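Going by the UniProt record's numbering, the first residue of the sequence shown is number 1, and it counts up by one from there.
Treat the hints with care, as some may be off.
Simulated crosslink set (BS3-like; lysine-lysine; CA at most 25 Å straight-line) [to be verified]: (1) Lys-81 to Lys-192; (2) Lys-272 to Lys-124; (3) Lys-187 to Lys-221; (4) Lys-221 to Lys-280; (5) Lys-272 to Lys-259; (6) Lys-259 to Lys-280; (7) Lys-92 to Lys-221; (8) Lys-280 to Lys-192.
For the record, the hints were derived by calculation from the structure and aren't laboratory data.
Being a predicted model, the structure only gives us computed values, none of them experimental.
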Amino acid sequence: MTKLRKTSKTKLQEENANIGSGKTIIQPEANANKVKSIKKARQMAREENLQISEEDQKIRKAFVDKDWNEIKIADSWQIFKVMAEFVDGFEKLSRIGPCVSIFGSARTKPDNPYYIMAEEIAAKLVRHGYGVITGGGPGIMEAGNKGAHSEGGKSVGLNIELPFEQFHNIYIDSDKLINFDYFFVRKVMFIKYAQGFVVMPGGFGTLDELFEAITLIQTRKIGRFPIILVGKAYWQGLLDWIESVMLTQESNINPEDLKLVNIVDTPTEAVKVIDEFYSKYLLSPNF
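Using the sequences and the hints, build the whole thing.
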């Protein structure tokens, strides 16, 4: 009579029973419970009365092998969606004229001094002949669009669809509101159509936009447009770290790179940096 093979469950029970007995404990195979698909993962979760979050699904999905048909269907359509966002952005922004991008936190409240400063900076930029580009959402972005709108200037909003925080503000010109799904497409629009960058206090997204501009200027992929950090109390610690650690201690940048950014404390100073930069080239906005 053929002897039946022990199941994994039986083996595990036996191994648990043998703990401390002096018998050799056989470890289960490392890949025995490897999740083969998201469908399988969900089935396992249901069996164990667990709920897989959307975050968990994204992580699990990265380890699932796809066949060629799945790749063609999912990734090919994604390429067309990315192309559509680029085309929409190029069509709407290619004729907006000289503009300055204003970056900053979506969480800044209207009574915050930085909100008030961003609104004033935007208004001054419009009076000096520039339009304003923001991320289109609340906080500093709203302040920038509000300031531009109050002076009758061009007010552009590059909105991104997010699960929290982001919704477009009411101060964007109706024909200059663009909604994006992809951060990298949106960042291209921020950089490509701006003649300067004003960076207000913000979080990770603001840092991402700031260092995108610095990197493209440092590597000479775009011209050396002015970058202005507003709020010495907020930004000075970062600049000190860049100088003391990134430059002096590790030599990961050149001394000249420190000159790529200007740090100011008032709206007047911020706009002055942009005006003085373009006066060197005898250029002025030509709306």
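Hints, verified against the model:
{"no.": "1", "hint": "Lys-81 to Lys-192", "verdict": "holds (20 Å)"}
{"no.": "2", "hint": "Lys-272 to Lys-124", "verdict": "holds (10 Å)"}
{"no.": "3", "hint": "Lys-187 to Lys-221", "verdict": "holds (14 Å)"}
{"no.": "4", "hint": "Lys-221 to Lys-280", "verdict": "holds (21 Å)"}
{"no.": "5", "hint": "Lys-272 to Lys-259", "verdict": "holds (16 Å)"}
{"no.": "6", "hint": "Lys-259 to Lys-280", "verdict": "holds (16 Å)"}
{"no.": "7", "hint": "Lys-92 to Lys-221", "verdict": "holds (23 Å)"}
{"no.": "8", "hint": "Lys-280 to Lys-192", "verdict": "holds (21 Å)"}
The structure meets every hint from the earlier list without exception.
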